[in-house]
Each structure stands twice: as C-alpha cells, then as structure tokens.
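Sequences and hints are given; from them, build the entire structure.
Protein chains in written order, with the working numbering: chain B, 357 to 515; chain G, 57 to 466.
In short, the hints are calculated from the structure, not lab data. Check each hint, because a few of them may be wrong.
Going by beta-carbon spacing under 10 Å, a handful of chain G positions derived as facing chain B [stated by the list, open to error]: (1) 136; (2) 153; (3) 157; (4) 164; (5) 198; (6) 199; (7) 202; (8) 209; (9) 212; (10) 216; (11) 219.
Partial chain G-side listing against chain B, Cβ under 10 Å, derived [stated by the list, open to error]: (12) 152; (13) 193; (14) 218; (15) 248.
All residues carry an ideal CB built from backbone N, CA and C; glycine is no exception.
The lines below spell out each chain.
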Amino acid sequence: MISMVRKVGVVSVTGLALAAVAVYPQLSARLTGEEIRLRVAPVDPIDPFRGAYVDLQYPDLRLGGPDPRGIDDGDSGDVYLTLRPKGDVWVADSWTRTRPEDGTYLACTDHTWRVRCGIESWFLPQDEAAEMEEAVGDGAIATVRVDDRGHAALVDVEG
Amino acid sequence: MTTSPTLDRPPLRPASPSQLSWLRTELAAWQHEGLIDPALAATLAARYHESRRFSVGRLLLTLGAVFVGVGLIWLVAANLDQLPPTLRFVAVAAIWVALLAAGEAFAARHQRQPGIPRPLVFSVRLLAALALGAVIFQAAQSFQVPAYEPRLVGLWAAGALVHAYVVRGAGPLLVALAAGSTWFVWQVLWDQPSGLGAVLALAVLACVGVAAASLHTTGAAGEQANDRFAAPWREVGAVFALAALFVAALPFVGLADFEWNAWLVGGLVVAGVITAVALGRAGTAIDRMEAVAGVAVAVVAIALAAWETSSDVDLVGPAEWAHAAVSVTAYVAAAIGVALLGTRHDSWRLTASATGALVVFTTFQSFAVFAPIIEGAWLFVVLGLIFLGTGFTFDRARRRLAAALEGEVR
Numbered sequence: 357m358i359s360m361v362r363k364v365g366v367v368s369v370t371g372l373a374l375a376a377v378a379v380y381p382q383l384s385a386r387l388t389g390e391e392i393r394l395r396v397a398p399v400d401p402i403d404p405f406r407g408a409y410v411d412l413q414y415p416d417l418r419l420g421g422p423d424p425r426g427i428d429d430g431d432s433g434d435v436y437l438t439l440r441p442k443g444d445v446w447v448a449d450s451w452t453r454t455r456p457e458d459g460t461y462l463a464c465t466d467h468t469w470r471v472r473c474g475i476e477s478w479f480l481p482q483d484e485a486a487e488m489e490e491a492v493g494d495g496a497i498a499t500v501r502v503d504d505r506g507h508a509a510l511v512d513v514e515g
Numbered sequence: 057m058t059t060s061p062t063l064d065r066p067p068l069r070p071a072s073p074s075q076l077s078w079l080r081t082e083l084a085a086w087q088h089e090g091l092i093d094p095a096l097a098a099t100l101a102a103r104y105h106e107s108r109r110f111s112v113g114r115l116l117l118t119l120g121a122v123f124v125g126v127g128l129i130w131l132v133a134a135n136l137d138q139l140p141p142t143l144r145f146v147a148v149a150a151i152w153v154a155l156l157a158a159g160e161a162f163a164a165r166h167q168r169q170p171g172i173p174r175p176l177v178f179s180v181r182l183l184a185a186l187a188l189g190a191v192i193f194q195a196a197q198s199f200q201v202p203a204y205e206p207r208l209v210g211l212w213a214a215g216a217l218v219h220a221y222v223v224r225g226a227g228p229l230l231v232a233l234a235a236g237s238t239w240f241v242w243q244v245l246w247d248q249p250s251g252l253g254a255v256l257a258l259a260v261l262a263c264v265g266v267a268a269a270s271l272h273t274t275g276a277a278g279e280q281a282n283d284r285f286a287a288p289w290r291e292v293g294a295v296f297a298l299a300a301l302f303v304a305a306l307p308f309v310g311l312a313d314f315e316w317n318a319w320l321v322g323g324l325v326v327a328g329v330i331t332a333v334a335l336g337r338a339g340t341a342i343d344r345m346e347a348v349a350g351v352a353v354a355v356v357a358i359a360l361a362a363w364e365t366s367s368d369v370d371l372v373g374p375a376e377w378a379h380a381a382v383s384v385t386a387y388v389a390a391a392i393g394v395a396l397l398g399t400r401h402d403s404w405r406l407t408a409s410a411t412g413a414l415v416v417f418t419t420f421q422s423f424a425v426f427a428p429i430i431e432g433a434w435l436f437v438v439l440g441l442i443f444l445g446t447g448f449t450f451d452r453a454r455r456r457l458a459a460a461l462e463g464e465v466r
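See below:
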C-alpha cells in the first residue's frame with residue numbers, strides 16, 4: 357500500500373511540476389509582474405490541443421525595417437524588447453540580444469518568422485473567439501503583466 | 057528424478073493457445089524422459105491459463121482508454137467557459153490523479169488475485185498517461201501560453217515516461233513514445249524547417265529506439281519490465297528508421313535551409329551515448345548487430361538527404377538515376393531487416409510494419425518519383441522480380457538466423 361502511494365505520489369508530483377514548467381513564464385508574470393497595456397490586432401485560428409484562440413499581433417512592438425520580425429541583425433534567438441509608455445499604452449523602445457539590467461522589457465525569441473514574447477494567443481470558446489475577432493478588428497488593448505525577468509502573461513483583451 | 061516442490065500458489069500467468077500447446081508437448085516429453093514427475097508437470101501446467109493477447113475485451117479496453125483520453129483533451133480544447141479556468145485545471149488534475157491511483161490500485165489487486173485482468177490495468181494506466189496531457193494543456197490554456205508550442209507535448213512525454221518507469225507500465229510508455237517522437241520532430245523543425253533536419257530528427261529517433269530496445273533486452277532497466285518495454289522501443293526505432301529513409305529518398309529533400317540547432321545536437325549526443333552503452337552491454341553478436349543496423353540506416357538516410365540531385369522532375373540525369381537506385385536498394389534492405397527483426401523477436405507488428413512500409417514506399421516512388429524515369433507498372437514488375445529473388449534469399453537467411461538463435465540458447 358505504501359509503495360502504491362509512493363508511486364502515485366512520485367508520478368503526481370512530477371506531472372504537476374511539469375505542468376508548472378509549461379506555464380512558468382506566465383505564472384511568474386501573473387504573480388510578480390507589473391501590469392502594462394498594449395495595442396493589439398487579432399486573427400482567429402485553432403490549436404488542436406487547446407481549441408480556438410485569437411492570434412494577437414502587436415503593432416507597437418514592431419520596430420520597423422524590411423525584416424518582418426523588425427530585427428535585422430542576421431541572427432536569431434533570444435531578444436529583449438525594452439518598453440516605454442506612450443499615452444495610455446506601452447510601446448517598444450529598442451531591442452537587444454542581451455538581457456537589460458533594469459527597466460520594463462519583454463523576453464522574446466525570434467527563431468521563427470516573427471518575434472514571440474509569450475503573449476500572442478488569447479484562448480476563448482470558439483463562438484467568443486469569432487465575436488472578438490469582429491469586435492476588435494479595428495484594434496484593441498491587451499492587458500499584460502510583466503515580471504522583472506521579462507516574462508509576460510496576457511491577462512485581458514478589450515475591444 | 058526431480059520431486060515436485062511445494063509452491064505457494066503463484067499468480068496465474070496468461071499464455072497463448074500455441075504457447076500452451078507447446079508447453080504441454082514439452083511437459084509430456086520431459087515426463088517420458090524421466091526429467092519430471094506427473095505431479096510437477098501438473099503443477100507447472102497449472103501456472104498458466106489460456107489467453108489470447110488480442111482478445112475483443114483487450115481491444116475494447118484499449119480503444120476505450122484512447123477514446124476517453126482523447127475526449128478529455130478535446131474537452132480542454134472546447135474551452136468550457138461555464139467553469140473558471142482555475143476550477144477547470146483543478147477538475148482535470150483531480151481526474152488525472154484519480155486515474156493514476158486507480159491504475160495502481162488495480163495493479164496491486166492484480167498481483168494479489170487474478171480477478172483484476174491485466175488489460176484493465178494497462179488501459180487505466182494508458183488513460184492516466186493521456187489525462188496528463190489534458191492537465192498540461194489545461195494549465196497552458198488557463199495561463200494563455202501561446203498556441204502551437206511544441207515544448208508542451210515534450211513535457212507531456214517526459215511526464216508519461218516518468219509514469220511508465222515508476223510503475224513499470226506499458227500503457228504510459230506508449231503515450232510517452234508517441235508524444236516524445238512527435239515533440240522531437242516538431243521541435244527540431246520548429247526552429248528551422250528543412251529536409252535534412254527532418255531526416256536527422258527521424259534518424260535520431262531510430263537510433264534511440266533500437267538502442268533502448270537493446271538495453272532493455274540485456275536487462276539494464278529492471279527485470280520485470282524488460283520484455284514488455286523492449287518491444288515498443290524496438291518498434292519505434294524500426295518505424296522511424298523506415299521513415300528516415302522514406303523522407304531521404306525524396307528527390308527534393310536536400311541541404312536547403314538546413315541549420316544546426318541545440319535540439320538536434322542534443323538528440324544526436326543522446327543517440328550516440330545510448331547506442332554506445334547498448335553496444336557495450338549487448339549480450340550476443342546479433343544484439344550488437346541490431347544496434348549497429350540502427351546507426352547504419354541513420355547514416356545511409358543522412359547521406360541520401362545530403363546527396364544533392366535535381367528536384368526538377370523533367371531533368372533526369374545519371375545522378376538522379378543513381379540516387380533513385382540507391383534509395384530503393386537501401387529501403388528494400390532496411391524493410392527486409394525490419395522483417396527479420398520481427399521474426400527474431402516474434403513480433404507480427406514489426407513484420408506488418410515492414411510489409412506496409414514497402415508497399416507505401418513502392419507506390420509513392422512509382423507515381424511521384426519514378427514516373428519520369430520508368431513507367432510505374434514496370435517498376436512494380438521489376439520490384440516484384442526483385443522481391444521473388446530476395447524472398448528466396450530471405451528464407452535462407454531466416455533459417456540460418458533460427459539455427460544461430462538455437463545455438464545461442466544452447
């Protein structure tokens with residue numbers, strides 16, 4: 357009996373620890389982060405394991421230039437976007453490949469065709485995702501919590 | 057003469073009708089030779105009960121577990137907004153822990169009494185391993201982790217692998233191997249999609265599968281689970297070896313867009329280490345040959361992918377002919393090797409995989425690759441003649457293998 361409880365305990369703790377690893381950046385940002393607001397432009401696809409979501413693009417986090425990522429140093433990997441407030445929202449100020457020592461910034465990667473900062477998907481029931489896409493087609497504001505390591509968690513999206 | 061020992065009624069073990077028939081014949085022969093007495097023969101025969109490995113009950117239990125597990129993940133994907141995200145996570149995690157505990161409770165009862173059938177233990181453990189996926193995906197959904205994130209599948213595989221080895225359960229191992237293989241190929245191609253990258257990822261899985269099977273066969277990871285764990289690893293290795301050659305044989309697969317990444321390098325290092333350990337621990341020359349064959353297939357697949365030929369179907373020169381011929385020869389040889397592996401380990405799944413892979417490969421090559429070189433119908437005729445020739449050779453090889461195995465046992 358003790359052996360069975362130990363086995364179930366080991367597997368349960370391991371599984372829950374892996375689930376925590378899966379959401380660590382978002383969990384850390386929600387628990388310890390500062391709240392900021394960003395402008396977004398949504399589209400509406402489906403993830404096979406987690407269902408419908410609104411795919412969010414952040415016009416104010418793109419730094420311009422010919423590269424679709426907005427970063428054209430010929431390299432890819434970890435990238436940090438430093439932020440500054442502009443009116444009611446925050447916008448990207450600059451980018452760097454080394455982690456900034458202070459200030460508000462987002463820890464992102466540009467392995468793929470675009471910069472990903474862990475805040476690109478807003479999961480909703482399918483009908484609501486479609487409604488949100490229509491409602492916020494002209495632009496919306498995302499509320500994001502950012503911790504001192506640049507981990508970001510999407511908390512809310514308003515039309 | 058051997059006297060019959062007093063046995064504390066060990067649990068009954070299932071045996072197929074053919075195994076039981078063989079056992080009864082042998083027991084009768086041993087009695088006849090005076091090696092055992094009738095009481096011992098009866099005691100030994102009474103330790104086994106007839107069971108068909110692929111009974112309808114077993115099939116339904118497995119299908120049921122897979123359907124419920126997939127349904128649970130689908131429920132997560134449905135994003136039921138009647139419940140808040142935290143409560144949904146708690147509910148899914150509670151279901152998972154309950155299944156985990158139920159699986160172990162059934163396993164413990166199965167050890168004590170034969171009333172709980174092993175397939176039930178297998179299916180509940182399988183369901184628990186699938187439910188772990190639902191837990192991880194629900195957590196990720198609740199925290200708005202970005203979509204199409206391969207590491208979630210990787211974490212699911214890691215959890216299922218821990219589950220499999222802690223409880224020595226084949227069901228969680230199947231989930232771990234399916235999720236782990238999906239994750240590795242996806243993760244490698246996620247950073248930089250390329251033909252050679254895909255072949256390398258598949259080749260790594262082939263080497264790891266074959267070498268891990270060899271380690272289990274030689275008893276490196278526990279006595280009880282050795283045989284049950286060796287077969288799934290071996291099947292993964294064989295299937296991915298054939299898949300690596302299949303992709304490498306495509307004329308448009310080459311070096312274009314290829315870049316090394318940390319996952320690929322890590323995978324190659326792991327494959328190299330496991331293969332080296334497997335070679336070091338291999339008990340027989342044939343065990344060593346299996347591990348070496350996995351590496352050989354991987355090397356041929358990588359060489360074929362790196363061999364640049366024209367991807368334009370209208371441009372067929374000597375290089376394209378040579379590439380196609382080497383690809384077909386390598387694939388047929390690998391498929392025959394997998395069929396031999398099936399014969400050696402008495403696995404119909406390996407034999408069926410080899411046959412199915414050969415049919416799919418031949419059909420695909422005929423219509424997609426060889427169409428401008430040789431008419432599809434003629435390719436079938438030529439390959440048919442080759443199979444007749446290799447069938448004769450294969451049968452001789454099988455007899456020699458059986459003789460060698462008999463020698464090994466002695």
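Do the hints match the structure? See the list:
1. Of the supplied interface hints, the one on residue 136(G) holds, with its beta-carbon coming within about 7 Å of a beta-carbon of chain B, less than 10 Å.
2. Interface restraint check for residue 153(G): the shortest CB-CB distance to chain B comes to about 5 Å, inside 10 Å, so the restraint holds.
3. Checking residue 157(G) against chain B: minimum C-beta separation of about 5 Å stays under 10 Å; hint holds.
4. Taking 10 Å as the C-beta contact cut-off toward chain B, the hint placing residue 164(G) at the interface holds, the least distance being around 5 Å.
5. About 8 Å separates the beta-carbon of residue 198(G) from the nearest beta-carbon of chain B, less than 10 Å, and the hint is met.
6. With 10 Å as the threshold, the beta carbon of residue 199(G) comes within range of chain B, its nearest partner Cβ sitting at about 4 Å, so the hint holds.
7. At its closest, the beta carbon of residue 202(G) sits 5 Å from a beta carbon of chain B; the interface hint therefore holds under the 10 Å criterion.
8. Of the supplied interface hints, the one on residue 209(G) holds, with its beta-carbon coming within about 8 Å of a beta-carbon of chain B, less than 10 Å.
9. Checking residue 212(G) against chain B: minimum C-beta separation of about 8 Å stays under 10 Å; hint holds.
10. The criterion of a C-beta within 10 Å of any C-beta in chain B is met by residue 216(G), whose closest approach is roughly 9 Å, and the hint holds.
11. A distance limit of 10 Å between C-beta atoms decides the matter here; for residue 219(G) the minimum to chain B is near 5 Å, and the interface restraint holds.
12. The beta carbon of residue 152(G) comes within 7 Å of a beta carbon in chain B, closer than 10 Å, and the hint placing it at the interface holds.
13. Interface hint at residue 193(G): satisfied, since its Cβ lies 5 Å from the closest Cβ of chain B, which is below the 10 Å cut-off.
14. Below 10 Å, beta-carbon pairs count as interface contacts, and residue 218(G) has one with chain B at about 5 Å; its hint therefore holds.
15. Hint status for residue 248(G) relative to chain B: holds, with the closest Cβ pair at about 8 Å, below 10 Å.
Comparing the model with each numbered hint stated earlier shows that all of them hold.
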